[in-house]
Amino acid sequence: MNPQDVIGLVVAAALLVYLVIALLLAERF
Numbered sequence: 000m001n002p003q004d005v006i007g008l009v010v011a012a013a014l015l016v017y018l019v020i021a022l023l024l025a026e027r028f
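In numbering that gives the first Met the number 0, the protein residues as written are 0 to 28.
Be a bit skeptical, because a hint or two may be false.
To be verified - Okay, the calculated beta carbon distance ranges per label pair:
1) Phe28 / Asn1: 22 to 30 Å
2) Ile20 / Met0: 38 to 46 Å
3) Met0 / Phe28: 21 to 29 Å
4) Ala21 / Met0: 26 to 34 Å
5) Asn1 / Arg27: 35 to 43 Å
Keep in mind the hints are simulated off the structure, nothing from the lab.
The model shown is predicted, which means the values in this text are computed figures rather than measured ones.
Just so you know, even glycine gets a beta-carbon here, dropped at the ideal spot from N, CA and C.
All chains, please: the whole structure from these sequences, using the hints.
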């Protein structure tokens, strides 16, 4: 795998986690 691919996967995973947390917080409040 290329370093760029790894960086892309990390960024995508971080965005998914951020969205999930944002949705959970939105449901709580």
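Status of the hints after comparison with the structure:
1. Phe28 / Asn1: 22 to 30 Å: Taking Cβ atoms as reference, Phe28 and Asn1 lie about 41 Å apart, which means the hint is violated.
2. Ile20 / Met0: 38 to 46 Å: violated (27 Å)
3. Met0 / Phe28: 21 to 29 Å: With a Cβ separation near 39 Å, Met0 and Phe28 fall outside 21 to 29 Å, so the hint is violated.
4. Ala21 / Met0: 26 to 34 Å: holds (29 Å)
5. Asn1 / Arg27: 35 to 43 Å: Check passed, 39 Å falls within 35 to 43 Å.
The structure fails to meet hints 1, 2, 3 from the earlier list, while all remaining hints are met.
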